Amino acid sequence: MGVIKIGMPITLELQKRDQEKPEKYKCKLVDRHQTSISIDYPVNVRTKKTGFFLEGTEFQASFVGEDESVYKFDTEVIQRRKTNIPMIVLKFPGEKELVRIQRRKYVRVESSVDAVIKDNNHSLNTITHDISGGG
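In my numbering, the protein residues as written are 577 to 711.
Hints are computed from structural coordinates only; laboratory data are not their basis. Values in this document were obtained by computation on a predicted structure and should not be read as measured data. Think of the CB as a built atom: it goes at the ideal place given N, C-alpha and C, for glycine as much as any other residue. Hints should not be assumed to be uniformly reliable.
If you anchor each label on the Cβ, the simulated ranges turn out as follows [stated by the list, open to error]:
#1 693 / 634: 49 to 57 Å
#2 621 / 693: 41 to 49 Å
#3 644 / 699: 32 to 40 Å
#4 691 / 622: 18 to 26 Å
#5 699 / 673: 36 to 44 Å
#6 625 / 704: 43 to 51 Å
#7 700 / 589: 44 to 52 Å
#8 704 / 628: 47 to 55 Å
#9 686 / 631: 44 to 52 Å
#10 624 / 694: 16 to 24 Å
#11 654 / 625: 19 to 27 Å
#12 602 / 691: 42 to 50 Å
#13 691 / 659: 12 to 20 Å
#14 595 / 619: 14 to 22 Å
Let the hints inform the model, and build the full structure from the sequences given.
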């Protein structure tokens, strides 16, 4: 079915030349095609104002997939549509071009390892399910 689904929240980052940090906008995916996605009009996270963008405006888009991973892709406005829900159509590179972002400092690896927990009077033999550098 795919990583990105209708109804998912999407964050758009617009890098302006005169600003150090990009402007962030929140929106929702309302329609999806092979090479494009349609979103509702994005709202600026800081000002809470609706953003209006011309065709050709470039963004970096990100969303959290059902696997709780963050995915990013570069996109641009290719069309504005006035339907029952005003929409912006963005270029979509396809799921194979999505970049998965590692959010943890350490990677968690599924691995079975024998472990023994001991105190003065008892010991417990067990097997771990996964391990990571973070604990």
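Hints, one by one, checked against the model:
| no. | hint | result |
| --- | --- | --- |
| 1 | 693 / 634: 49 to 57 Å | 54 Å, holds |
| 2 | 621 / 693: 41 to 49 Å | 46 Å, holds |
| 3 | 644 / 699: 32 to 40 Å | 36 Å, holds |
| 4 | 691 / 622: 18 to 26 Å | 47 Å, violated |
| 5 | 699 / 673: 36 to 44 Å | 51 Å, violated |
| 6 | 625 / 704: 43 to 51 Å | 50 Å, holds |
| 7 | 700 / 589: 44 to 52 Å | 49 Å, holds |
| 8 | 704 / 628: 47 to 55 Å | 53 Å, holds |
| 9 | 686 / 631: 44 to 52 Å | 45 Å, holds |
| 10 | 624 / 694: 16 to 24 Å | 57 Å, violated |
| 11 | 654 / 625: 19 to 27 Å | 23 Å, holds |
| 12 | 602 / 691: 42 to 50 Å | 43 Å, holds |
| 13 | 691 / 659: 12 to 20 Å | 58 Å, violated |
| 14 | 595 / 619: 14 to 22 Å | 18 Å, holds |
The structure fails to meet hints 4, 5, 10, 13 from the earlier list, while all remaining hints are met.
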